[in-house]
Amino acid sequence: MDKFNELVKRDLSLAFRQGMDSLMVVAFFIIAVVLFPFGVGPEPNTLAKIAGGTIWVAALLSSMLSLERLFQTDYEDGSLELLALAPIPLEITVLAKVVAHWLTTGLPLIVTAPLLAVLMQMPTEGFIVLIAALLLGTPTLSLIGAVGAALILGSRRGGVLLSLLVLPLYIPILIFGVSAVDAAIFDQSVRPHLVFLGALLAGSMALTPWASAAALRQALE
Amino acid sequence: MTQFFEPEFKGQDLVCVRGERTVFRGLGFSIAPGGALILIGPNGSGKSSLLRMMAGLLRPAAGRMDWVENGQAEDALEDIDAHGARLHYVGHHDAVKPVLSAAENIGFWAHVRGGGQDGIRDALDVLDIKHLYDVPGRFLSAGQKRRVNLARIIAAPAPLWLLDEPTTALDKATIKRLEGAIQKHRDAGGMVVLSTHAEVNTPGAETLNLADFACKAPLDEHVMV
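Line by line, the protein sequences give chains G and H.
Counting the first sequence from 1 gives a position; our numbering is that position plus 14.
Counting the second sequence from 1 gives a position; our numbering is that position plus 1391.
Source of the hints: derived by calculation from the structure; they are not laboratory data.
Glycine is no exception: its CB is placed at the ideal position from the N, C-alpha and C atoms.
A few of these clues could be false.
Cβ pair distances, simulated, as ranges [claimed, not checked]:
| # | chain 1 | residue 1 | chain 2 | residue 2 | range |
| --- | --- | --- | --- | --- | --- |
| 1 | G | G53 | H | G1507 | 37 to 47 Å |
| 2 | H | G1507 | G | L26 | 19 to 29 Å |
| 3 | H | R1412 | G | E90 | 38 to 48 Å |
| 4 | G | S203 | H | F1530 | 38 to 48 Å |
| 5 | H | S1532 | G | L26 | 20 to 30 Å |
Take these sequences, add in the hints, and give me the full structure.
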């Protein structure tokens, strides 16, 4: 557990000192959402109808933006080899890196989301559920994304390949995330949707570290 | 200094295939506690591949590696985490993060392997980089980065050192210091495998010439695995 914290701490301090990554993700998130009123017109009813979906899609895309670098720098400077040889299971190392990734990109998105919900005229009933759904959904995005990020190591044009690999897998999270928000707005039960998001999180927490670690070992050969 | 009472490290009939080319075949080695093995051979003869194989980063196409203790052979690649804990690997890259200071870089790797502050101070001493303590990695020269990387292996003890061209970018005085560190490690029962083109003074070391195991015949005669 100490070593797990050590790994998370290292990635966090790397992220803070390199700075820009989290900021860029949040800036992209805001800009992507802000584009929609320009595209579909400022009509409040129209905006309110697409608010949940817009915010979720923008969140998916911006969380993907930083994934490419999740293992890339460690791979290039040789740290990844040493992490693979360290007396910590590689699966745990992956999990620690995902936790750090979520803290630096997922969490800022959740903090920004309510502001964008106001901008998109989302009815206030949806706010709490939007945050809850993002809290359950964004860690899953980082977990699944880590598999993609590990698979593209060493390939050129990794970023495009990554989106092709990962975005289709994001669809279930998008569906349940948006339907949870809609259910809250139309005064229906939100529980089943959130339960599904929780199940997706639990499932990917148990499965994806193995897949990522296997892909990393392959990349190191 | 930690004393190691570790078993022998042995490999037999190892075959390395990179791409579609067989780099070496039928290679065996054996390192006893306190022993050293120098890998020599022309470029491309598989020195780095053998070291990566010993580290467990590269799976051998055939053959096996064992830790042998009291006649009991334990497959090294079966528990890759336990194997990783027994060794330090220094490859071509220095794994120095540009935004972390030299001490933070060394400290992270030491902590991951359960090393303490004493070990880190000792390591900074041995490689004479105390003055670089809080200098960020991006301001270090190639030689200084290499020293930071080597300090990492002194900061936390592990019985087997796998050093791939450790003298690259080092000045003469530092090579002397490295030789001293290797000797001290071996005196404590540690094992060292190193590949080098330069002279590294390691008394009593065995030499393994990888050219002896090279596979010169056309590939299809040797597609064995």
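Hints and how they fare:
no.	hint	in the structure
1	G53/G x G1507/H: 37 to 47 Å	58 Å, violated
2	G1507/H x L26/G: 19 to 29 Å	22 Å, holds
3	R1412/H x E90/G: 38 to 48 Å	25 Å, violated
4	S203/G x F1530/H: 38 to 48 Å	58 Å, violated
5	S1532/H x L26/G: 20 to 30 Å	28 Å, holds
Going down the numbered hints, you'll see the structure goes against 1, 3, 4, while the others check out.
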